[in-house]
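If you read the protein sequences in the order shown, they are chains A and B. Mapping of the first sequence onto the working numbering: position 984 corresponds to residue 984, and the numbering continues sequentially without gaps. In the working numbering, each residue's number is its place in the second sequence (first place is 1) plus 10000.
Honestly, the hints are just simulated from the structure, not real lab data. Possibly wrong hints are sitting among the right ones.
Said to hold, decoys possible - Calculated lysine-lysine pairs in the DSS-like style (CA-CA distance at most 27 Å, straight line):
hint	chain 1	residue 1	chain 2	residue 2
1	A	Lys499	A	Lys355
2	B	Lys10169	B	Lys10183
3	A	Lys355	A	Lys26
4	A	Lys465	A	Lys644
5	B	Lys10140	A	Lys819
6	B	Lys10199	B	Lys10188
7	A	Lys644	B	Lys10183
8	B	Lys10199	A	Lys819
9	A	Lys522	B	Lys10342
Because the structure is a prediction, the values reported are computed rather than measured.
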Amino acid sequence: QDVTVSGQVTSSDDGTTLPGVSVQVKGTNRGTITDADGRYRLSVQPDNRLVFSFIGFASQEFPVGSQATINVKLTAGAQSLDEVVITAQGIERDKRSLGYSTQEVGGALIAQKSEPNLLNALQGKLAGVQINGQSGAPGASTNINIRGITSFNGSNQPLIVVDGIIFSNDVNVTGNTLFQAQSANRLADVNPESIESINILKGPAAAVLYGSRASAGAIIITTKNGKGNNNKTEVTVTSSYNVQNVYGIPPFQNDYGQGSNNLYVNNSTNSWGLPFVGGPTSITNLQGETRPYQAYPNNVRDFFRQGSVLQNTANISGGDATRNFNISLGNTSQQGITDNSKFTRSNVQLGGGAKLNNGLSISGTGTYVQTVQRGAALGNGGSAYGQISRIPRSYDLPNEPFQNASGQSIYFLTTANNPNWSLQNTTLDSQVDRFFGNFTLGYDVTKWLNVTYRVTGDTYTDRRKGISNIGAVRAPQGEVIQNNFFRSELNGDLLINAKINKVFLEGLSANLLLGNNINQRKFQNASVYGEQLTIPGFPNVSNAAVFTQSAESSQVRRLVGNYAQLSLAYNNYLFLELSGRADQSSTLPVANNTYFYPAASVSFVPTDAFKVQSDVLSYAKVRASVARVGRDADPYLLNSVYTKSSFGNNVAAVNFPVSFGGSSVPGFAIDSRIGNQGLTPEFVTSTEVGLNLGFFNNRLSIDAAYFNTRSTNQIFNVSVSPSSGYDTRTTNVGELQNRGIELVLSATPIRSNGFKWDVNLNFTRIRNKVVSIAPGVLQSGITGDGFIGITPSIVQGQPYGVIVSSANPRVQNTDINNKATYDASGQYVGQLIINPTSGQFAPVIAGQPLSNPNSNWTAGLTNTFSYKGFTLSALVDTRQGGQLFSFAAVDYRSTGSLSVTGIDRDQPRILPGVIQNADGTFRPNNIQLSAQGYWQGLGGLASEASVFDATVYRLREVALNYTLPKSIIGHTPFGGISVGVSGRNLYFYAPNYYADPEVNTQGAGNIQGLDLSGPPNTRNYGVNVRLTF
Amino acid sequence: CSKYLDVNVTPNNPTVVPPSVLLPTVQVGTAFANANELNRFASTIMQQLAGAANSPATYDIYQTNGADFGNQWRFELYGGALVNAQQIITIATASNSPAYTGIAKIMKAYDFAMTTDVWGDIPYSQALQGEAAPQPRVDKQEDIYKGNQAQNIQSLFDLVREGLADLDKTSTTVPGNDDVIYKGNLVKWRQAGNTLLLKLANTISRKEPALAKQVIDQVITSGQYIKSNADDLNVTFGASVGSRDPRYEYTVVSSFRDDIILSTRYLNLLQNLKDPRLATFFTKPAANYVTRDNGERGTLPAVATWSRYGPYVTGANGEGPVRLLTNFQRAFILAESALTLKTAGDPQALYTEGIQASMALAGQTPAQIDAYLAANPSVATLTGTDAQKLEQIITQKYIAFTGNGLELWNDWRRTGYPTQLPAQNAAGIDATRPVRAVYISTENERNPNFENPAPQSNVKVWWDVD
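Turn these sequences into a full structure, and let the hints steer you where they fit.
As structure tokens, then:
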């Protein structure tokens, strides 16, 4: 028999009422939210328990019994330890019952932080999660890895779930990742302002119910849905405007101009020419024109413009615990830091739900997004960004004309385009139209049994157009690419949930979930490559003479999964959860395509079990879990196939069909990958132990975790000897290990008289190691585009993703047979060997792991101060260790542009190292080189000279917000007004690098730690306002 | 459920193909390998071209290491022409089409000869087997040329002979337009196969004169070899983007076109000989030919004036052809072997035939050729010692093969002709002209059978006797 219970929720600190507190009937979906006065009213049964939870406060639980009024005082904790979190398959769980690590981020932590990219907005805030943006280009993709890399070849990006919808975060690549304009990762289609909360499921144990794809963790995003509005319609409008400026340009010398060997050379990328003081007053450029001979100190910086980001969001929501609706409209418009680059996004979301009296509940959302992106080609060589690092100090890039009357590039090189010309003439446009939504139908069969079916879908097309106008160095005769992507994913999930409060003994409750998942993913890419254009300035495929690179590619993959989860709770202090899932995948051979994997976790709250009453220790929980997740293959790996033939690269290329004197001849070739009919699933096995502690009434809390993850039986394209006729063979091999420590520390050091200081510190240390690859294989390249001699690789005994390149030979005393390096005395062991005639380093040794992109540890510290409506927060973070392989830095240095190359330029220098004597012994190098000989002698692009320590400290985020007091807005139509200013990437310090090391030209994916001449990062700041009606 | 999941057959790539789509890949791939980076390397060190920037400039001063030619080894030869020739042999054997296997074996022998001539000892008998031998053995060049029964290595000669024998068999399917070289004319393939035997024998003739003579005698007796320019084994390219000869793409179109220029030394040679072929070999956009000396440093001439490969090499618009086996080559080989191995034929007559054939290819009329030879007796007539005569033969072969750097380099390594001074600023391992390419670093990373550290560019290959 239902009874009505009501009450008011207040803060135990200052007695103020708390609106928006979640009041949940424990173990059900029923609940409500407190109104503006902190009041609630709910229809319940006497044996129910009510859970009161609110972000920033410790949850409390009360039995209903015969009470008609339950007033609650919630205690603010720096971190609420018992809040409700959304776990795999949308299941809401008490955080205390979890035997594994999750980390929740409220919408407020990512909204209005001068950052339009959701993943970037999470940077520095999460333990165990590495997030690395590609660059400051609009829409640039962002890589995210949770607890390290667990798959040699598969996607290591976590599964993204938005309102229960499995959400594609793919980066669809047009062309070669070394040279293309950067494509967005498709989570960019989500408006950060629409987000209610994000929960990060870090380990396989947390995510096992999602199956294979969550083996790299999962990010569960919940958007605003109006459930908490207590039957009131609320309109929220947020607007923000930010500006972006290029940040991280290296320091330059401004004493020496274009040329080489102290001579002016009019087509040189070097600044090893004559000094400005005492040099000529004017020079003649390649076009035969006279120019003053002087430094242009800002010729690189002024290539960039000020970008801007304007974001507007309107949200209309209403409803109560039984009915709710939400309408969200959003628009983001970003102008990039280079001409002709932009990113715009428009979202419309409709959602709603209702719970009927007959036990049926229905809900659904639908979102339409249109995202438009434009950017210029990047990469080493001819691109705008490849040239920027090779501009002589005396070239007035911003003001020199960049094209002639017929639209051709004017530059000081004939073999490259003027960067300003490239920005206008080598572009990639993308227009994404995306729809995603869900529909859920649930039925309470009995009080303890619920059956729900959920259908979710996510589909988009990305229509791209790439243009290289006539004269572009990568397509001298011009090229127009029409490249259309289509992706869709459908999921149907049957969820049967049974809950029994007393099983076997008093205080033991059980929850059993049975589920079935049917999944289909489709992908299509069709491209038309129109080459050899005739009419200048008419970038249309009808203007092309040749179409031989046009292509199509389609994929379908399907999966059927069955899963079960049994959760046992004993007196709310001891919890056990057993999960299992069996998948059947279309991508594996029929004989091996069904695979099962289990997980178990336990959590224990001794402070409750032993009824600890302490002013110091308020809460303690220990947890442990072990889980295994299987992962299927990508589609179509079983067979060896043939592909359309082509030879060559941008130097010279033949693409079949080849046109000989009017007849077109097709050509195919055996693919360089050898298929495998015996593939089996790969597995990730993870064990985790963790500890949660709360002190001083939870004003200080610690969440610590240690994990050990082993990835085995990896589905990988193992390198084979090229003389076998092939490049790789697909097989199950190897083992990869990740061990790590995560620490989250939250504290409220001061809370008095309305002033509050909150501190949140997170720390991550992950050790990744390739334990083994395959018999006889000690290293193998990671699938992806790469330059010859610079190979992102797995190397046995090394961390994942080390970059293999050419090392300088060093003196050894271990290899007695190699007389050129052997020093019996041991005196010079480890020293670089110098060529005795040239004074340069001896010939390099190819195939050495040179650069490790994995950081040693990372940490982020957020301080938040609030006082009477003012909130000031600042995030500083650091990344310690790890290395960046940088083309730009080597360019800037070897061309004599960096400030360091201008110091004592007229003085001779000696490369560090030793010279071998005739008798085999060594002596210190004493051969003098010019400054140019020295700085260029350090090495070129594919050498040790490209490797830099990526350690960086950063003031990542500062935000100041002011919420107007009710006394002021009481007579206005507004329910709330807040205004704020925020800044992002305001300062960084990289002790061992010339610029900002937090870049990665290849964006999201398994290849990290390469700066192959891409756009730099930006510093953003701006204002925002939030109005509630 | 099993039907629902039965969607793993790729719609994007064929898993079975007829040999007719592989044959163009093999033929174009062979020409591409011959005329792309390896030609830029060999034509530069052999001083027909000079490096102006980037890799040609480093080749020009004899700098080369394991970072060079990775694409050539991986994608043009082993993973390109060679593995697809092997695929044709497998597929066409199963479908009883020896016309295809015959051509594929001849092309495969040509490609392996190209590979071993550049790198010396190479994977051969165990190569191209994919998963069956992911790290193939490195066979000695001697065994590749001569065969080695104990190690189950078939000689290149026997491989060609096997191909020739296949051509005589009845074939279920025969090539047509997919044979971009001879349009399915098997008579011409027979001639080409025998001419390849001449080339292979000629290559090892100083190391193994008896074997070379035996092979050449057999070919002469058969009478089936390339006898006219119309029989040349040429790969002709097209005039549009993606169909053009790589030498045209590189020197005329690409952003690297200003990396390479006509060598001053080669211009001097041709002008000293008053050779009329110069006008089709190289362009002259300015009043005079604009060149650069090999290894020269300093300011470059204005790029618009540079002399680059002309229509003889690149065709008018990139058609080529790439000349892999030619009538002039056959005549020069027979002239050389008549001189040094005493095979049948008159060295002078064969030498003259070679010059005539080459000049005709360069667009000279018979009357013009006769006039040139009459006016230049020092070119036309073999005189002096055998060594001097050989120098004349190889020098004319060097000129005739303009645009095929590998043939120039092979002949120079074999004979020392033409005699050339080192490049200016010669550097590299010991400032000497490379006599082999260094194994690509990828093989050293992936295959422990390769010598590590690899032999440097100053270590001679087996047939290079002096």
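Is the Cα-Cα distance between Lys355 of chain A and Lys26 of chain A 27 Å or less?
-> holds (17 Å)
Can the restraint linking Lys465 of chain A and Lys644 of chain A be considered satisfied, given a maximum Cα separation of 27 Å?
-> holds (23 Å)
Under the criterion that the straight-line Cα-Cα distance not exceed 27 Å, is the pair Lys10140 of chain B, Lys819 of chain A satisfied?
-> holds (26 Å)
Would the pair Lys522 of chain A and Lys10342 of chain B pass a check requiring their Cα atoms to be no farther apart than 27 Å?
-> Answer violated: Lys522 of chain A to Lys10342 of chain B is near 70 Å, above 27 Å.
Is the straight-line distance between the alpha-carbon of Lys499 of chain A and that of Lys355 of chain A 27 Å or less?
-> holds (19 Å)
Are the Cα atoms of Lys10169 of chain B and Lys10183 of chain B separated by 27 Å or less?
-> holds (18 Å)
When you check the alpha-carbon spacing of Lys644 of chain A and Lys10183 of chain B, does it fall within 27 Å?
-> holds (21 Å)
27 Å Cα cutoff - pair Lys10199 of chain B, Lys819 of chain A | violated (40 Å)
Restraint check for Lys10199 of chain B with Lys10188 of chain B, where alpha carbons must lie at most 27 Å apart = holds (16 Å)
Violated hints, in rising order: 8 and 9; the structure is consistent with all others.
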